[in-house]
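Visitor: One-letter residues, chain by chain:
Number of protein chains: 2
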Amino acid sequence: MAKAIIAVDLGGTQLRAARFDQDLTLLQRESTLTRADLGPKHTIDEMQAFIRKVMPCDRGDVVGIGISSPGPLNPATGVIIAPPNLPGWRNVPLSDIITSEFALPVYVGNDANVAALAEASKGAAQGCRHVVYLTVSTGIGSGVISDGKLVTGRAGLAAELGHIPILIDGGEVTSIELEAAGPAIARRCRVQLEAGVKSAVLELVAGDLHAIDAKVVGAAAARGDSLAVECLAHAGHMIGLGIVTALLLYNPEIIVVGGGVTKTGELLFAPMRQAVQAHILDSAFTDGLRIEPAALGDDVALVGAAALAATKGGRRDISELDHIF
Amino acid sequence: MAKAIIAVDLGGTQLRAARFDQDLTLLQRESTLTRADLGPKHTIDEMQAFIRKVMPCDRGDVVGIGISSPGPLNPATGVIIAPPNLPGWRNVPLSDIITSEFALPVYVGNDANVAALAEASKGAAQGCRHVVYLTVSTGIGSGVISDGKLVTGRAGLAAELGHIPILIDGGEVTSIELEAAGPAIARRCRVQLEAGVKSAVLELVAGDLHAIDAKVVGAAAARGDSLAVECLAHAGHMIGLGIVTALLLYNPEIIVVGGGVTKTGELLFAPMRQAVQAHILDSAFTDGLRIEPAALGDDVALVGAAALAATKGGRRDISELDHIF
Chain A
0 MAKAIIAVDL GGTQLRAARF DQDLTLLQRE STLTRADLGP KHTIDEMQAF IRKVMPCDRG
60 DVVGIGISSP GPLNPATGVI IAPPNLPGWR NVPLSDIITS EFALPVYVGN DANVAALAEA
120 SKGAAQGCRH VVYLTVSTGI GSGVISDGKL VTGRAGLAAE LGHIPILIDG GEVTSIELEA
180 AGPAIARRCR VQLEAGVKSA VLELVAGDLH AIDAKVVGAA AARGDSLAVE CLAHAGHMIG
240 LGIVTALLLY NPEIIVVGGG VTKTGELLFA PMRQAVQAHI LDSAFTDGLR IEPAALGDDV
300 ALVGAAALAA TKGGRRDISE LDHIF
Chain B
0 MAKAIIAVDL GGTQLRAARF DQDLTLLQRE STLTRADLGP KHTIDEMQAF IRKVMPCDRG
60 DVVGIGISSP GPLNPATGVI IAPPNLPGWR NVPLSDIITS EFALPVYVGN DANVAALAEA
120 SKGAAQGCRH VVYLTVSTGI GSGVISDGKL VTGRAGLAAE LGHIPILIDG GEVTSIELEA
180 AGPAIARRCR VQLEAGVKSA VLELVAGDLH AIDAKVVGAA AARGDSLAVE CLAHAGHMIG
240 LGIVTALLLY NPEIIVVGGG VTKTGELLFA PMRQAVQAHI LDSAFTDGLR IEPAALGDDV
300 ALVGAAALAA TKGGRRDISE LDHIF
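Protein sequence lines, in the order shown, are assigned to chains A and B. The first sequence maps to residues 0 to 324 in numbering that gives the first Met the number 0. The second sequence maps to residues 0 to 324 in numbering that gives the first Met the number 0.
Check the hints yourself; a few may be wrong.
Unchecked claim - Reference listing, derived: stretches of chain A covered by chain B, where coverage requires no fewer than 3 residues with Cβ under 8 Å from a Cβ of chain B:
1) 154-162
2) 249-260
3) 275-284
Hint data in this document are derived by calculation from the structure and do not stem from the laboratory. The beta-carbon is built from N, C-alpha and C at its ideal position, and this holds for glycine as well.
Same shape as in the complex, but just chain A (with noise of 0.2 Å):
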């Protein structure tokens, strides 16, 4: 009997809901704008509209209820904390909600955590056991395969490459989403306009200087702008000091990249690989080491959840998806 797997990705700005089979195959899919600013019952209500849309007839073909959602989240009760881009969601307990609709085991899970299972059942890391994934675009999010397993931690709070501390000159602290996500790739564009310096970027905005986000830097990168290059490549020099530390700790095989900001390529690329090349302890760290673009677009939330759900929230090997029904 062939099964099927709900899966529902809960976004700041998209709701969507799908089917997949048992080979995380897309069957069908529905979506609309998160209305956010209704709250969250309004957006529970539509969720659950969505999957009953996509719910096969029979019920029992299906495993389980796969979510993505933006953390901070406890994996293990299915809480939804308090995300930033959910105003007004506060410890909203989705997971006993949307069981005791659909009496169907659900399992829910951070974006960054879903989207590295993605990529390792689905995507740029498919076959890989040691995995790190790193999303670069308004923030920096991750989510770590150790061994085949998703890494969720006692509370369901890891990975948090993003956050980790990087002390800077006069003993600031920082991070790498500080420095090196879309909003502080424009500031420091910004700052050096400011301070006088030409360039390319300042025609693309017509002088205004509040619309400069990482896109348009990105833009003026290609064309050459030599401070939009710059402004890429700290990020990308930042973002490589992160994995030189998620190599020292997880030794994956692959890092896959993706998030918006990673649209600019090897203009960031390429200081990030030169970064960790510079500071790794030891080239044994590095050694087939592969550094690559994620390879799911806009899906990857959906097939995410769906591998979620398919692992029993991440508890199961990934290797099983083959055989996991």
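Keeping the supplied structure of chain A fixed, place chain B upon it in accordance with the hints.
Guide: Coordinates of chain B only, in the frame set by chain A:
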């Protein structure tokens, strides 16, 4: 039938072997000084002689031989790569050599990982499933248990917390080990004395700056010497930042800190805990967290080597230790 485990501690200064019962209780121990200067063959001959001494009459009772060794090493192949404090050891296939001599399963692990297993099995972290172990002595090593299993990574090189890049002053990158291990504490003290800072340390070494080590600094700090106290506080602060990284990446329930430098007690632990509180992303990472000194003394490597064999090289869950045979 009662089972036995043979444990070997190949240290830079001591070579030890012991027999444990299936409850990881030490039954017999032999030890000698490691004559590293005589090369690997001599040391391995002595190791084999010691293993014979602690071996029970009936080898059928022995489930395996666990060996704690300085890294870098490959636990999958049992090859000792090139430990700085074992001169002459270069790609020594220790596991194969011992296996062919005794026809028993042999498991080799790096000393910090093995110590983590020991503290999780019989020490300060007994009963815990998410453990980070740090040892602070002439270097800083670490080992991690995630959801009951030793984190080794692709080639057994995880988890090197001491070497993560954490401080960048004017672009220079340093590490926790370079800032907080014993030699760093001594160096910091020496530099201050050379700059004319008054301190009781100078009397303790009778004016010989080269005689300063972390032990001397600890002794002066215990008497309230302000320079010595500051040197330990700086080390504690940097280790605290490393612990923040470990909390963010592994979300453990306990941090166990061992090694000679921790004999300085609260002079190191208080600034360490302060740094953790000051720099952690969210109190969810520290709620209920325990930061504790290691509980096992000199036998930590032997207990860990026995646990390594009992868990088949760390591949089995530590919770199975109670009913593993």
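Visitor: Against this structure, judge whether each hint is valid.
Guide: Here is what the structure says about each hint:
1. 154-162: With 8 residues closer than 8 Å to chain B, the region 154-162 of chain A meets the three-residue bar; holds.
2. 249-260: Our answer is that it holds, as 4 residues pass the Cβ test (under 8 Å) against chain B, meeting three.
3. 275-284: holds (count 5)
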